[in-house]
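**Student:** Here my numbering is used: the first residue of the sequence shown is 29, the next is one more, and so on.
Some clues are possibly wrong.
Here are the simulated DMTMM-like cross-link-like pairs (lysine to aspartate or glutamate), alpha carbons at most 20 Å apart as the crow flies [stated by the list, open to error]:
| no. | residue 1 | residue 2 |
| --- | --- | --- |
| 1 | K82 | D69 |
| 2 | K34 | D61 |
| 3 | K109 | E51 |
| 4 | K159 | E250 |
| 5 | K211 | E195 |
| 6 | K109 | E74 |
| 7 | K269 | D212 |
| 8 | K125 | D69 |
| 9 | K101 | D139 |
| 10 | K31 | D98 |
| 11 | K125 | E168 |
| 12 | K291 | E250 |
| 13 | K34 | D98 |
| 14 | K82 | D98 |
Just so you know, the hints here were simulated from the structure itself, not pulled from any lab data.
Just so you know, these numbers come straight off a predicted model, no measurement behind them.
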Amino acid sequence: MPKNVKRHIAICNWNKRGEKVIEELHHPTAEPDTEIIILTDGDVNERELREQSKRYANVYFIKGKPTSYDTLKSARIHQAKSVIILSDSKDVEPDPKTILSCLAIRQLSKDLKDKHLPHIIAELMDRTNRKMALDAGANEIVSAGFYRTGIMLQSALYHNLSDIFHELLIYEKNSSSIYIIGKDKYSDIFIGKSFQEAAEIISNNSSETNPVILIGVRRIIENKSTIILNPLLNGNSKNGKFDHFNADDAMVVIARDLTDLSKIKK
């Protein structure tokens, strides 16, 4: 592991889903060159993984409990770009351990007086623990059971809808994915524009090889990052009010590849 690694991605706990995460992160349109550090107290055959795939060339394993202060510090988790906390498959009730990991990561950053805070994505088995995990320091919550039930329900009402989610959630050649484009990747021409006006500008300037569709906005509301999909014109949505783009907003788009909208002039 590089001695002073930072802006890396850390994965707490290890299971088959971890292997899928590694596969997706190494897709050319994701983060193929980013160092990945895995913290697990389970037994992992690193040699076998490296022999099976070149994806593990910049993946490093640290043996220890992801709730341990020393383990987190040795992984320089306070300097990570993002932390993915997978539910521990060996635990009958893994959520308390996930929440404890969130607390330990935040405490480490506080003790080291580090201004950088890693973005924590926590997997929960029971969605009722969501508020507790957020209070513990998680930035985003993923609840597999909740999403699975929702997709099945919507697919029962609108046939083949599950295929849409599958298409958007994987990185594959000739498939479309959802991207969030920050202010550094779009032109000042969008500032002050309504959602409909911005969508029209993007549509008129999209390339044939990478068409881009604007579907929403990421906005800071009450110090929290909030996604507003398909906002109403000068109206209130479920997640807040959106009238026009400001300098702190990010665009949520569907595209084949991550795109740069900073060169658009009109």
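**Student:** Each hint needs a verdict: does it hold in this structure or not?
**Tutor:** Hints versus structure:
1. K82 - D69: Violated, at roughly 24 Å.
2. K34 - D61: Status holds; Cα separation ~13 Å.
3. K109 - E51: Between K109 and E51 the Cα gap is close to 18 Å, so the pair holds against 20 Å.
4. K159 - E250: Judged against 20 Å, a Cα distance of about 17 Å means the pair holds.
5. K211 - E195: violated (26 Å)
6. K109 - E74: At roughly 23 Å apart (the allowed maximum being 20 Å), E74 and K109 break the hint.
7. K269 - D212: violated (23 Å)
8. K125 - D69: holds (13 Å)
9. K101 - D139: holds (11 Å)
10. K31 - D98: holds (16 Å)
11. K125 - E168: Within the cut-off at roughly 16 Å; holds.
12. K291 - E250: Violated - the C-alpha atoms of E250 and K291 are around 31 Å apart, more than 20 Å.
13. K34 - D98: holds (17 Å)
14. K82 - D98: Violated - the C-alpha atoms of D98 and K82 are around 29 Å apart, more than 20 Å.
In terms of the numbered hints stated before, the structure departs from hints 1, 5, 6, 7, 12 and 14, listed from lowest to highest.
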